[in-house]
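In order, the protein sequence lines correspond to chains A and B. Quick note on my numbering: the first sequence kicks off at 1435 and runs consecutively. Quick note on my numbering: the second sequence kicks off at 1435 and runs consecutively.
Just so you know, these hints were derived from the structure itself, not from any lab. Any given hint might turn out to be false.
[Unchecked claim] Listed next, the in silico BS3-like pairs over lysine-lysine satisfying Cα-Cα at most 25 Å (straight line): (1) A:Lys1555 <-> B:Lys1561; (2) A:Lys1482 <-> A:Lys1468; (3) A:Lys1515 <-> B:Lys1531; (4) A:Lys1554 <-> B:Lys1468.
These numbers were taken from a predicted model, which means no experiment stands behind them.
Protein chains: 2
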Amino acid sequence: MEIDLKYLEEVFHKHNLKITPQRIAIYKELVNSKEHPSAMIIYERIKKIYPNVSLDTVNRTLLTFSEIGLVRIVEGRGDPKRFDPNLRQHHHFRCIKCGEIYDFYSEEYDSLDIPSELKKKFIITSKRVNLEGICDRCRAKRG
Amino acid sequence: MEIDLKYLEEVFHKHNLKITPQRIAIYKELVNSKEHPSAMIIYERIKKIYPNVSLDTVNRTLLTFSEIGLVRIVEGRGDPKRFDPNLRQHHHFRCIKCGEIYDFYSEEYDSLDIPSELKKKFIITSKRVNLEGICDRCRAKRG
DNA sequence: TTTGAAATTAGGAATTACTCCTATATATTA
DNA sequence: TAATATATAGGAGTAATTCCTAATTTCAAA
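Let the sequences and hints guide you as you build the complete structure.
Below you can see the structure in the form of structure tokens.
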């Protein structure tokens, strides 16, 4: 998928971030990933194009992106952080066997009300339904 | 809070786990925690009672507990694993400033339907709504 | 009860996933 | 184009977790 470079550069400008080839490459790689990759996975792929990019840069960049809201860190179970460039409101199904995360969309879930006792106490900035279970592939493997 | 030792021993038996003082202490400590603690935090507390318990045992034990469904690993953002002994269906609010996680209950959320295209493809074993935002304490701090 | 096999533990080493440090290089603005 | 503020690479350092192994403990059967 071609990314909208202009949009990306605008976002960088808005947050006073310099436009560097590494940042663009990292963002491209993440957008074109389907599996909510970790920094290490992005790093391995980027290395093929920029052989001496450093893992630290990939990590730092992905964290910067998440700070400015360009990507999100997926909610996981304490293993390596995984990143998600999908900013459209969506929800996750996670396979407890293989760890794969599948995005899905649901208007019903999007329009869930926040319980009023929480609304009074907290400022709510994000809402997501996380489902877990066994995906079709893993189910097939074990009959 | 007093834990139900009998219940705990039954669970251990059911899964062919031996009843050891460490396992009981670790479970007690977790149940009596209110902040979804990490293995390290549990370890520090247990050490006061069993000075030469090892961190590995705490980690291993908590993972074992999560495998048999006695506790759950809280969904987080890649930092140390945190554990939750609350098996009653509930949902989480996580403060993006301080990281604190608050359990809450909602019948509306509990009774959410699973989208049919997911139900067809996947076996769903768990469902949770995760809210994020800023908690009352952090809000107070910054006026 | 005692005994013995199998599971579990402590302690340290190893690994993994970051995160920090700093000299060099690069992007932007004047 | 030059100045300067950022960002990067590479390596060191740190945190969280997992692995390894010898010693210990649990528990079931005698």
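Results of checking the hints against the structure:
| no. | hint | in the structure |
| --- | --- | --- |
| 1 | A:Lys1555 <-> B:Lys1561 | holds, 24 Å |
| 2 | A:Lys1482 <-> A:Lys1468 | holds, 19 Å |
| 3 | A:Lys1515 <-> B:Lys1531 | holds, 18 Å |
| 4 | A:Lys1554 <-> B:Lys1468 | holds, 22 Å |
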